[in-house]
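Colleague: Chains A and B are the protein sequences, given in the same order.
Sequential numbering of the first sequence, starting at 210, is according to the numbering used here.
Sequential numbering of the second sequence, starting at 311, is according to the numbering used here.
These aren't lab readings, by the way, just hints derived from the structure by calculation.
Among the clues, some could well be false.
[Unchecked claim] Which stretches of chain B does chain A cover? Using the computed rule of at least three CB atoms under 8 Å from a CB of chain A, they are:
id	segment
1	326–332
2	353–364
3	392–399
4	417–429
5	432–443
6	467–479
[What the hints assert, rightly or not] From chain B, some residues computed to sit far from chain A (all C-beta separations above 12 Å):
id	residue
7	T322
8	P451
9	R452
10	G458
11	V463
Bear in mind that the values here come from a model prediction, so they are computed numbers and not experimental data.
The beta-carbon is built from N, C-alpha and C at its ideal position, and this holds for glycine as well.
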Amino acid sequence: MSEINDIIPAVALLLLLMLLVKPMGSYMHKVYQGERTLLSPVLAPCENILYRLGGIDRDEEMGWQRYATAMLLFNLTGFAALFMLLLVQHLLPLNPQNLPPFSWQLAVNTAVSFTTNTNWQAYSGEATASYLTQMAGLTVQNFLSAATGMAVLIALIRGFARRRAATIGNFWVDMSRGALYVLLPLSLAGAIFLISQGVIQNFAPYQTVPLVQVFSYDKAQVDEAGKPLTGTDGQPLLATVIVDQVTIPMGPVASQESIKELGTNGGGFFNANAAHPFENPTPLSHYFEILLILLIPAGLTYTFGLMVGNTRQGWALLAVMLLLLAVSFAVLYWAESSGNPLVTRMGVAGPNMEGKEVRFGLAGSCLFEVATTATSCGAVSAMHDSLTPLGGLVPLSLILLGEIVFGGVGSGLYGMLAFAVIAVFVSGLMIGRTPEYLGKKIEVREMWMSIIVILTAGVVVLILSGAAMITPAAVSSMANPGAHGLSEVLYAMASMANNNGSAFAGLNANGSFHTLLGSLAMLIGRYVPAIAILAMAGSLAGKKYVPPSLGTLPTDKAPFALWLTLVILIVGALTFFPALALGPIVEHLTMTGGK
Amino acid sequence: MKDIKPAILLLTLFTVICGGLYPAVVTGLAQTFFPEQAHGSFIKDQTGRVAGSELIGQPFSTPEYFWPRPSATGEFAYNPLASSGSNAGPTNPAYLKTVGERLHVLREAGLSAPLAADLAQASASGLDPHISPAAAQAQIPRIARARGLNEEVVATAVTSRIEGKQLGFLGAERVNVLALNLQLDTMSP
Numbered sequence: 210m211s212e213i214n215d216i217i218p219a220v221a222l223l224l225l226l227m228l229l230v231k232p233m234g235s236y237m238h239k240v241y242q243g244e245r246t247l248l249s250p251v252l253a254p255c256e257n258i259l260y261r262l263g264g265i266d267r268d269e270e271m272g273w274q275r276y277a278t279a280m281l282l283f284n285l286t287g288f289a290a291l292f293m294l295l296l297v298q299h300l301l302p303l304n305p306q307n308l309p310p311f312s313w314q315l316a317v318n319t320a321v322s323f324t325t326n327t328n329w330q331a332y333s334g335e336a337t338a339s340y341l342t343q344m345a346g347l348t349v350q351n352f353l354s355a356a357t358g359m360a361v362l363i364a365l366i367r368g369f370a371r372r373r374a375a376t377i378g379n380f381w382v383d384m385s386r387g388a389l390y391v392l393l394p395l396s397l398a399g400a401i402f403l404i405s406q407g408v409i410q411n412f413a414p415y416q417t418v419p420l421v422q423v424f425s426y427d428k429a430q431v432d433e434a435g436k437p438l439t440g441t442d443g444q445p446l447l448a449t450v451i452v453d454q455v456t457i458p459m460g461p462v463a464s465q466e467s468i469k470e471l472g473t474n475g476g477g478f479f480n481a482n483a484a485h486p487f488e489n490p491t492p493l494s495h496y497f498e499i500l501l502i503l504l505i506p507a508g509l510t511y512t513f514g515l516m517v518g519n520t521r522q523g524w525a526l527l528a529v530m531l532l533l534l535a536v537s538f539a540v541l542y543w544a545e546s547s548g549n550p551l552v553t554r555m556g557v558a559g560p561n562m563e564g565k566e567v568r569f570g571l572a573g574s575c576l577f578e579v580a581t582t583a584t585s586c587g588a589v590s591a592m593h594d595s596l597t598p599l600g601g602l603v604p605l606s607l608i609l610l611g612e613i614v615f616g617g618v619g620s621g622l623y624g625m626l627a628f629a630v631i632a633v634f635v636s637g638l639m640i641g642r643t644p645e646y647l648g649k650k651i652e653v654r655e656m657w658m659s660i661i662v663i664l665t666a667g668v669v670v671l672i673l674s675g676a677a678m679i680t681p682a683a684v685s686s687m688a689n690p691g692a693h694g695l696s697e698v699l700y701a702m703a704s705m706a707n708n709n710g711s712a713f714a715g716l717n718a719n720g721s722f723h724t725l726l727g728s729l730a731m732l733i734g735r736y737v738p739a740i741a742i743l744a745m746a747g748s749l750a751g752k753k754y755v756p757p758s759l760g761t762l763p764t765d766k767a768p769f770a771l772w773l774t775l776v777i778l779i780v781g782a783l784t785f786f787p788a789l790a791l792g793p794i795v796e797h798l799t800m801t802g803g804k
Numbered sequence: 311m312k313d314i315k316p317a318i319l320l321l322t323l324f325t326v327i328c329g330g331l332y333p334a335v336v337t338g339l340a341q342t343f344f345p346e347q348a349h350g351s352f353i354k355d356q357t358g359r360v361a362g363s364e365l366i367g368q369p370f371s372t373p374e375y376f377w378p379r380p381s382a383t384g385e386f387a388y389n390p391l392a393s394s395g396s397n398a399g400p401t402n403p404a405y406l407k408t409v410g411e412r413l414h415v416l417r418e419a420g421l422s423a424p425l426a427a428d429l430a431q432a433s434a435s436g437l438d439p440h441i442s443p444a445a446a447q448a449q450i451p452r453i454a455r456a457r458g459l460n461e462e463v464v465a466t467a468v469t470s471r472i473e474g475k476q477l478g479f480l481g482a483e484r485v486n487v488l489a490l491n492l493q494l495d496t497m498s499p
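So that you can see chain B by itself, here it is in the shape it has in the complex:
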């Protein structure tokens, strides 16, 4: 049992190193080299007011804004305090009913079939800031009508906001919904 002493002492020492020094050093380097990222990549609107984080989606639902993906976060959609996916199984009848209701709302809003999967199905985090380019393009007529803008003007805004694959080959093409909507607010009708 002479190994009890090293067990306690090593645990204490490693708690100081890995649980104290290491996060402190990482934080220090982060504040020095990447202060904006380390604090959550917050972005501002045209008036200079903080409008949220470009990494955390927001629950847009009115006709004049691009809509994000469905969200299954706790209490209400896009609640950053309760990140979560739906965890719905693929054959769950309640889930299939929900998808049907979402599709109904999208069709009422003038989106035509076939609909992009990311607009019908909820994200993993419930905070996904992006939609696919197809999901954004399908919403252009609705936005143009609601804002009294020319469809081509809105389409140009969408195209300018399409982020390509990272380094040219990683991940998927995507559109940041919050950034796109903030850009819409700067455009006069």
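Next up, chain A with everything else stripped away, as it sits in the complex:
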């Protein structure tokens, strides 16, 4: 019975999410159609000022090439600004801890990571980033990378919805309206709610507090170069350190926390991310953050349905997402509640609690980890490296499928639409019908672009994981021996190439190999599919509408939803099964076989 009580909140949260899909989707539909919304009285003046100062004609339409160019230029500018900010943070205000600048490799990695909506973190927030960096650098890109992903999706949907058109919208308007009308108000409300639960929000310097019980520990002595000193007997030289006070970090956490979940960014203010009590203090804040992660990706399926003139098309995709999410949650919950047999054998009762917080409860932790990897969020409230082998397989697989189960804001649904195009095409071949989707003929160009969207990340993951296995520097970065080490590397490459940002964090990702090659993986994984999507949008927009006939496969019905699910699983399994067999599956067998 306890399991059922444990799972009730997870089921309740998904039901609440389903209730929010329609209002959220309708609101975003109004935003992207340029209509007036509830918030227009406040935000329309802001929007007009943005366009006037930015020299933007809101009625100007763009072809796909120009849309893509504007998107790339905007992201490049964002990268350059963030990169420079990271290098000079020590010269700027709002740095009460006098933190030094980032190294250039780390700055490249971090700037790429936040502009691509990955939020992979090769650094520890509380020890590396100033308040100004967190706000004016990282938080800003949390908004803008999310708004960029949504804009690309909207352009693709317009491609399906428009007929014989040469244009797919205006990038500046789509991006600005997404950030201003969708992300900003929701983040503001979310941040206030999180503060009510105990998430901190201040600009105070770090606070020193005395410990209730003083303790001491032996610290290895090092010389000036940082090398460990040894005594005359060759043993490491130790000195007893007495700890009677600790320093507790402060900062504007809540304002970043809410957009990091809402924009499926995932970069934590602190190293421990959403497991840190200042980022996620209570069970309620925890479930609220899960809701924020899933809210926009779920709502966008309804926006999609409205824009293509048939909301059942959106519900069909949402059903596929919900099915895959529910199965993933069930597997993860089963694996973790079974515990680690190697630990249980020593006389420990209960689930696998390594890397989990008590307050969230087991089902809560599992739902968060599934939501964060089903989307491109990558925030974590439990440490994925310490999940049981089959438990760890779940987030890894969700990322490898391309984060299309809800997915990143915008990017998840455009990935799912690419899969839908492929599913339509394959079924068309099998039953001898003309492949059409949403009234548009699927031809060679659409197939090329869909395949690029789906396979880019997989190719990058497999090549880079292979490269890491034969590079000594990369091999020595692994924290855990054996099959688990392979899982760590595979997870890191998957996470970066798919712009997730979570990690099997034992891997030392701060070496040059991982920071620089990882940056490349993030760039390819973000922009190659995004440009392919825009190219497909341009090509679809120019086509005429083909009304459904007897020869048309209905794509808003259950059989198609099931077929789409199978296509996703088959493509994922064909691409990654060998690697997964050598990592998590071998580890599971060694664990249960007792070696």
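Using the hints provided, position chain B relative to the given structure of chain A.
Modeller: Frame of chain A; chain B shown alone:
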């Protein structure tokens, strides 16, 4: 290339809005409505001295205090400047050895099997302020002996500190170790 100008200008404007105004407004509202939470939920001991944050665990290790979960923070346990989990994989021999050593210490301290998983395994943040009710109850005899208190008195203190599920159904039942230990210090032997 006429899109370079809007790229730079929009980035600047959004940096002002999302990176300046937005955090400032959130901070202002936080200071007005939730000042204590916004500053870290600090709590005081019986003498009125700040004793830490109720959200950030502390490394209790002497017999007269309830012990928190193992912590994998950098440099020393429960170091708030270096939040971290162990990131140990489930089959890592070094990790299994560590768990074995922890269990040995717990058994030496009089805790009997089976032990609650949260006392044997490190938390995700390394700063987890809570333990499960079972983990607290298992420590009652040790505390009572060390403090010369009646076991029932300590048990009552533990029971009064068990936080139920939030809203009756969210999360897990838990005990805040720092708050419980501060309460112990107010109890005379």
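Colleague: Determine for every hint whether it applies to the structure shown.
Modeller: Going down the list of hints, with the structure as the test:
no.: 1; hint: 326–332; result: holds (count 5)
no.: 2; hint: 353–364; result: holds (count 6)
no.: 3; hint: 392–399; result: holds (count 8)
no.: 4; hint: 417–429; result: holds (count 6)
no.: 5; hint: 432–443; result: holds (count 11)
no.: 6; hint: 467–479; result: holds (count 4)
no.: 7; hint: T322; result: violated, 9 Å
no.: 8; hint: P451; result: holds, 18 Å
no.: 9; hint: R452; result: holds, 15 Å
no.: 10; hint: G458; result: holds, 18 Å
no.: 11; hint: V463; result: holds, 20 Å
When the structure is compared with the earlier hints, a violation turns up for hint 7 alone.
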